[in-house]
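With the sequences and hints as input, model every part of the structure.
Chains as they are written, first to last, in the numbering used here: chain A, 195 to 398; chain B, 849 to 1099; chain C, 27 to 248; chain D, 58 to 119.
Worth flagging that the hints you see were computed from the coordinates, not collected in a lab.
Among these hints, one or two may not hold up.
[To be verified] One side of the interface only, derived from the structure: several residues of chain A facing chain B at Cβ under 10 Å:
#	residue
1	Val204
2	Arg205
3	Gly206
4	Asp207
5	Arg209
6	Val248
[Unchecked claim] Some chain B residues well away from chain C (every beta-carbon gap over 10 Å; in silico):
#	residue
7	Ile873
8	Ala878
9	Leu879
10	Ala886
11	Met1065
12	Ile1078
Just so you know, these numbers come straight off a predicted model, no measurement behind them.
Backbone N, C-alpha and C fix where the C-beta goes; we use that ideal spot for every residue, glycine too.
In case you want the letters, here they are:
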Amino acid sequence: MLEASNLECVRGDRRLFAGVGFRVEGGEMLFLQGRNGSGKTTLLRMICGLTHPVAGEIRWKGEEIHRLGEEFREELCYLGHLNAIKEELTPLENLSASARLAGETLSEDETLDALEAVGLLGREDLACKYLSQGQKRRVALARLVHEKRALWVLDEPFVALDVAAVGWLAGLIGAHLQRGGMAVLTTHQAVDIPAGTVRELKLS
Amino acid sequence: MNNRLINWFKYASPQSFYPLAGKMIPWFVALATVFGLAGLWLGMVVAPTDFQQGEGYRIIFIHVPASWMSMFIYLVMAFWAALGLAYNTRLSGMMAQALAPTGALMAFLSLWTGALWGKPMWGTWWVWDARLTSELILLFLYIGFIALQASIDDPRRADKAGAVLALVGVVNIPIIYFSVKWWNTLHQGSSVSLTKSPSMAILMLWAMLLMALSFWMYSIAVALYRARTIMLERERGTEWVREVLQQEGAK
Amino acid sequence: MIGMIVAITARDLKLAMRRQADIVSVLFFFIIVASLFPLGIGPEPQLLKKLAPGVLWVGALLATMLSLPRLFADDYRDGTLEQLVLAPQPLGLTVIGKVIAHWLVSGLPLALLAPVLGIQFDLEMDALFILTVSLLIGTPALSGIGAIGAALTLGLRGGGVLVSLLVLPLYIPVLIFGAGAVDATVTGMGAEAHLSILGALAIAGVFFAPWATAAALRISLE
Amino acid sequence: MSIHWNSFGEFLAMGGYGLYVWGSFGITAAIMFMEPIIAVRNRKNLVARLKRQARAERNKEQ
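Here is the structure:
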């Protein structure tokens, strides 16, 4: 259960938002909306503990996330604007490296299943620098296929994806919510997530 | 204990510190002047000639205080750095940033006066003495700190990055000093070194102490003044700064 | 715990192997710097032998510093650094893994190359041996301490020059005892004391400095 | 607390070390004179700049 109270963020001497609070239970998704530059990405980074809020607190299962430290990070999966993949490594190596980093080990077949799910089978041994922007994005998203961690924080996951991929990803998130997981995400396209209750938070 | 400490820091917020510092600066300037004049009078006018080094030894009355201050200011910066990292107070970053230039100038003064003192005594402008070499490295640490803070735009990141560097620096200072001392005695023996300062008559000790106090008051005054300017700049969006600006306008 | 360090080191080594140019550039820099000095000072062997320890150590130190910004810059640019910071184990361990990988790619080859260059400076066998040993012990400290500078200057313009400005003062003890060890051997005083202190600096550099680097990384990613 | 020097000239000569002594004291005095002046000038410029910004904002609001 994720909870935040009167979060405040200041960039330069402009206050982006203040008094922001929300609550996400198991199986629920928080849909973050706001114009460009309203601090959506900053709020997501605050939830992950990358950025410290000027005021306010974020609690995971009742405990402040910075005090939890690794315990919280074991439950957290963050996907930002950047793909977080190494250009020199192949999709196969990228996926197994990111899994091992999260503390799990993926077998060869599981990795290949994930790549097949994003339609990259046949390119698993090609260094990522030869892939297109959309394909690199799908390598980054392939990480979510076997993702067991409870809290997904996704920053505009649907960008640069074709219609089929958007549908696939929406289904994946829906399945995650059904398993009792939680998700916080931002997006500009209108996407309906098949399962779980959707809460909305508008950053003015 | 923790919450009592926290609200103590509430008073150390820039808004309440700004007027406080404003009142204190004139006092520190006055003290610096009084101690300075007394020290100069004792050291330069009344103190006798040193039988070994003649009149040249009088440079010690600013060389040693400058060296002490350059070291002391770095320690104070590290103190503010630790405070800032532990309690996330905005004021500590500002104080560290305000102190750095004065510390760097003190280190430069120590080197300059050390060289001018070394020339008549040992015939060379620069002596690879353990203390002078460590002072040179300390100047590099200061320049590194100032350069790092100057190259980071976001003030909060600049404070924290500077704090980490100051703490890493303060841990390394003793290591650097002893390795330079080892290196100095290893290669040259201690024949050429400033450690053999002239025998200090009581009068000279008093002069040195007064000059050190004067340098200390001076450093506090300049640092507080610069800290106030930094506070105005960093909190320019706040209400209390607008009021201060109105009063400034009236004055 | 150890598994994670090995995983990070293996990942970085695989990446480094895919981009050999970086390793080679560090080595060539060292070779060129070491070869320039005799041209500048003159071929007189007696003088060169005296200067050899200092020149070779300063060359190795500058070569290591050359490769420091790459320690985190690539991961910072492609977003993997955020994943490393958000990984569920202490960030300090991850940094230790990266420092070891950086040493294997820069410090180790430099140390193995040094005796070859030492011959240019007409050093005897025992001096060459101690030179290699001192570099093997000292370069991990250079990587560990340098990582702090690399983390502090992440994403800043003029980062390369700034790193050297921040890190050079902290390198001085390592340089003094490293070059001092070789010098002590040449003058017959024995280098045990120097090497033991160098070892202490290396342990501090590889096991304690990474916790400061971890703090610096969190600050830079704020 | 008698004065050590017999004449002002002797004081200036500093027993032959005049160049070095007054070189050190001169630079020290210069720095400890210039640093405050620069600090004051920086503050004046900042206050002027902030006041201009405040006036610009006020005009924008009206």
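These are the hints, each one checked on the structure:
no.: 1; hint: Val204; verdict: holds, 8 Å
no.: 2; hint: Arg205; verdict: holds, 8 Å
no.: 3; hint: Gly206; verdict: holds, 8 Å
no.: 4; hint: Asp207; verdict: holds, 4 Å
no.: 5; hint: Arg209; verdict: holds, 8 Å
no.: 6; hint: Val248; verdict: holds, 9 Å
no.: 7; hint: Ile873; verdict: holds, 31 Å
no.: 8; hint: Ala878; verdict: holds, 37 Å
no.: 9; hint: Leu879; verdict: holds, 33 Å
no.: 10; hint: Ala886; verdict: holds, 36 Å
no.: 11; hint: Met1065; verdict: holds, 29 Å
no.: 12; hint: Ile1078; verdict: holds, 19 Å
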